[in-house]
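Residue-level listing of the chains:
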Amino acid sequence: MAGSDESKTDMVNMLQMTQDEIRNAYRNSTTLEEDDAINNFNIHMREFGNYLPLIYSVHGEVVTMTWEDWNDKEYAYFTDNGVINGESNWIVAEIIQNSTIMVNITNISGPLNVNIINATKTWQKNFSFSGMSIISDDDIKANINPPYSIKFINGSNANGKYSVTGNTAYGRNFIYARDYVLNTTITFSNSKTSANVTVPISVPW
Amino acid sequence: MKNTKFMKGMKDLLGNDDAVAVSVGFILMFGITVLVFATLTLSFYDLSRQSEKTAMRNTFEIMGQRVAIEMTVADSMVNYINSFGGTINSIEYEFTLPASIATNTYSINFTNSTNDIVLESDNGARVAIPFNISNNISEIEFYSGAEIYKFGYNKNYGNINVEER
Chain A
1 MAGSDESKTD
11 MVNMLQMTQD
21 EIRNAYRNST
31 TLEEDDAINN
41 FNIHMREFGN
51 YLPLIYSVHG
61 EVVTMTWEDW
71 NDKEYAYFTD
81 NGVINGESNW
91 IVAEIIQNST
101 IMVNITNISG
111 PLNVNIINAT
121 KTWQKNFSFS
131 GMSIISDDDI
141 KANINPPYSI
151 KFINGSNANG
161 KYSVTGNTAY
171 GRNFIYARDY
181 VLNTTITFSN
191 SKTSANVTVP
201 ISVPW
Chain B
206 MKNTKFMKGM
216 KDLLGNDDAV
226 AVSVGFILMF
236 GITVLVFATL
246 TLSFYDLSRQ
256 SEKTAMRNTF
266 EIMGQRVAIE
276 MTVADSMVNY
286 INSFGGTINS
296 IEYEFTLPAS
306 IATNTYSINF
316 TNSTNDIVLE
326 SDNGARVAIP
336 FNISNNISEI
346 EFYSGAEIYK
356 FGYNKNYGNI
366 NVEER
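Protein chains in written order, with our numbering: chain A, 1 to 205; chain B, 206 to 370.
No lab work stands behind these hints, which were simulated from the structure alone.
This one's a predicted model, so the numbers in the text were calculated from it and none came from an experiment.
By construction, the Cβ of each residue, glycine as well, lies at the ideal position given by its N, Cα and C atoms.
If a hint is listed, it holds; no wrong ones were tucked in.
Quick partial rundown of chain B residues pointing at chain A, CB under 10 Å, derived from the structure:
hint, residue
1, A279
2, Y285
3, N294
These stretches of chain A come out as covered by chain B in the derived footprint (C-beta under 8 Å, 3 or more residues):
hint, region
4, 10-16
5, 81-95
6, 193-200
In silico PhoX-like links for lysine-lysine, alpha-carbon gap of 20 Å or less:
hint, chain 1, residue 1, chain 2, residue 2
7, A, K8, B, K360
8, A, K125, A, K161
9, A, K73, A, K161
10, A, K8, B, K355
11, B, K355, A, K192
Only chain A is shown next, with the shape it has when bound in the complex:
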């Protein structure tokens, strides 16, 4: 019989592994044309879905995974987890030295704000219309001194894509980006535990 800790850690690992795999599959696929990208993504995920039960059967656990692709799917909301009822005001990145922010709004129902905040000052960039905007490193540094944090405000008012690339005050490069939120359902069962959960996974990061 599987121990209690084993159930918990195995389920947590499965969620984490699935999230990593979906993001990898998406990033690898989006270098291709749209139709090929979706096909390639589904092939990648099907193979992963076939291997997953083999891995967990060693621990006496039965698992399944179903996923969705982004065919006919809307872009994610600018909330913390990408869904409309997620946290609207949230910190995207902290202790940043240099960065470029891209915001591409598809639908907007109210103002969306990007706040750049350091220890003493806040600089706000407001968005009220759909379309793509880039906040360059020079724009940011003309208004605020690093290190700073980037915060999205009223994220549930709009959906679309964003990316933030740059490096931290400690010199580490980073990329935060989101196009879609893909819902993935996993089932997990062993002699002690059974679960059926659906988790939204934001891609590409």
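With chain A held as given, fit chain B onto it using these hints.
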């Protein structure tokens, strides 16, 4: 002369047990024996009852703490899935408890107000084990017998609940 006669009479009286009949002596001896035996039996019975209660309390402590740990595991699974922004369609986490302890049945009460698991038997043994979880738990009381129970999650109320399997 008169005094000497009196002294002799007293000596004869002290040495003479004819005043107590054999049957009365037997009854007295039997009564005393029964009384001593009954007192001893009652003392041992009370002692054994006390030992039984102490043993049950110790067992309740171990069982309660185990259930509290299992509840924490279920709670952290729910929290982890929620931290993903996920929806828990269903989750079940099983635990077992014996149907009786030392031939006594007992009740298990999950309280939300004091965050305790209270185990109590008919003979008066009672233990309250505190638990610490971040989700609410639906208050419920069971009587031992089911042996297998499960923690679940009510996604509409955001509560952890306990059911018999």
